[in-house]
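Peer 1: For reference, the chains in residue letters:
2 protein chains.
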Amino acid sequence: MSSTPPNPHEDLTGRARIRDAALEVFAQRGVRGATVQAIAAAAGVSTGLIRHHFGSKEGLREACDAYAIGALLEQARRGMEEDAAAPGFAASMYQAGGASVRYLARALVEGSRSASDLFDAGADLTERFLAERWPDRYPAGARSTRDAAAVMSAMHLGTLVLHTHMSRRMGADPLAPEHVPRIGTAMVGIYTSMADFLTGEQGGRLAESLPADGTAPTPPPPRENSDE
Amino acid sequence: MSSTPPNPHEDLTGRARIRDAALEVFAQRGVRGATVQAIAAAAGVSTGLIRHHFGSKEGLREACDAYAIGALLEQARRGMEEDAAAPGFAASMYQAGGASVRYLARALVEGSRSASDLFDAGADLTERFLAERWPDRYPAGARSTRDAAAVMSAMHLGTLVLHTHMSRRMGADPLAPEHVPRIGTAMVGIYTSMADFLTGEQGGRLAESLPADGTAPTPPPPRENSDE
DNA sequence: CCTCAGACTACACGCTCGTGTAGCAAACTA
DNA sequence: TAGTTTGCTACACGAGCGTGTAGTCTGAGG
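Order-wise, the sequence lines are chains A and B. Going by full-length UniProt numbering, the first sequence opens with residue 1, and the numbers climb by one from there. Going by full-length UniProt numbering, the second sequence opens with residue 1, and the numbers climb by one from there.
The set of hints was computed from the structure by calculation and includes no laboratory data. Among the hints, erroneous ones may be present.
Claimed, not checked - Simulated coverage check for chain A against chain B, where a stretch passes if three residues somewhere in it have a Cβ under 8 Å from a Cβ of chain B:
| no. | segment |
| --- | --- |
| 1 | 20-26 |
| 2 | 41-54 |
| 3 | 61-75 |
| 4 | 206-212 |
Claimed, not checked - Listed next, with one range per pair, are the computed distances between beta-carbon atoms:
| no. | chain 1 | residue 1 | chain 2 | residue 2 | range |
| --- | --- | --- | --- | --- | --- |
| 5 | B | P139 | A | T13 | 48 to 54 Å |
| 6 | A | S56 | B | A38 | 36 to 42 Å |
| 7 | A | E74 | B | S167 | 28 to 34 Å |
| 8 | B | A41 | A | Q95 | 23 to 29 Å |
| 9 | A | S167 | B | A176 | 43 to 49 Å |
| 10 | A | R128 | B | E208 | 23 to 29 Å |
Glycine included, C-beta positions come from ideal geometry on N, C-alpha and C.
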């Protein structure tokens, strides 16, 4: 029962089939756009059975939330055992793969409680990572730190949310396990390249035109660039 | 008459009021989740008027597409006149601000033709930027170049798509003109910091664990790290 | 054999929402 | 003044969809 993820029906209880189908349909059409009849059809059951197991469409959505988050945490825990996990939060989601991740990516945009918690958890992790590694540039709790963590989380999760577009451009589904490493490789290249760019002439001008980090938690009193 | 964007009603024709309301409601609830009656209420008109001007809900959506894309291109053109525009594509969207951008961000996830075109245009720009600046690491047309451009576009646009979450974490709407620079500052910090991280011990291990760039268009023959 | 529970289906109700129709009022034209 | 266009509303129809109800089938327990 644990080793046959790709078969849509086979061997699964009705409840599980419904959940899997719902994850997929919710991810593709959004919660509002998905109909219980479409989910029922995808699962090969009647709409009544959905009601029987989950009570209502909203109940089904909550079950999907719980299941997807659970699957993600499971993967994250497994990922923590290897050390590498840098801000490896989004990385965990890539490793988890499958319908759960597509569902969560959509939920991040449509806004569910769980999705907000998920983003916050990722941002908290990132904040700790930044503060531990560069305590002077990113003091714990400073606005610059919170900003950077929020933006970085959005950037990394953005690759998940926009995976259909990346898929189209890359000619392969970036969520398929065999292609996940391409994302990592690309990101490493981007980070090193952009840092290089920002130390150059054109990029330097751009960087200087921006306000300083403003580690002070107040709206920036016009101060000169302070970092580095 | 031309300089009062924040007032919801006042001075605007019914058609324009409907369009503005639709951009907002579509952005918040998604196309499927938005009802024409909600849009009509927000615009202070009847549902019949929407039909009168736009024919159908789908017609209204297309009008929103066209308007938002137009507003964006306008801003991009203006942005091109200053040079800085690095991969400053997403930057243009930030500068354009307002309901159009929130609408497009949502459209990127819900999938409209225009949104796909928008992503592709951004990715193309990014691809050119990479290929011009680092012709050996990012040869024009190579898979590594396409991958990097796709991922980078997704990362930058991801900050737009997930702006509600960033807003919550930052305590201020990142799309408000006075806060836009904080995003830029954060991104500059992230790029330089992460590049620093990737040259360190832990990050270096992580980078080495990934497949090489694979400028060859075939699935990567296990080769050692080649970049740098 | 009876029964009781759980998985599951068929079917109908009622609401929401997009769309269609008819018509009013003001502005412009002649 | 009459005619026409344009901006706009009120109201009703019909489809889609979530939900509610009743009932069937299977299997386990006594």
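Peer 1: Each of the hints needs a verdict: does it hold here or not?
Peer 2: Hint check:
1. 20-26: Check failed, 0 qualifying residues.
2. 41-54: violated (count 0)
3. 61-75: Violated, because only 0 residues of the segment 61-75 of chain A bring their Cβ atoms closer than 8 Å to Cβ atoms of chain B.
4. 206-212: The restraint on the segment 206-212 of chain A holds, since 6 of its residues have a Cβ under 8 Å from chain B and three suffice.
5. B:P139 x A:T13: 48 to 54 Å: Holds, since B:P139 and A:T13 (Cβ atoms, about 51 Å apart) stay within the stated range.
6. A:S56 x B:A38: 36 to 42 Å: Given a distance of about 22 Å, which is not inside 36 to 42 Å, the answer is violated.
7. A:E74 x B:S167: 28 to 34 Å: holds (30 Å)
8. B:A41 x A:Q95: 23 to 29 Å: violated (45 Å)
9. A:S167 x B:A176: 43 to 49 Å: About 32 Å separates the Cβ atoms of A:S167 and B:A176, which means 43 to 49 Å is violated.
10. A:R128 x B:E208: 23 to 29 Å: holds (24 Å)
Of the numbered hints listed earlier, those contradicted by the structure are 1, 2, 3, 6, 8 and 9.
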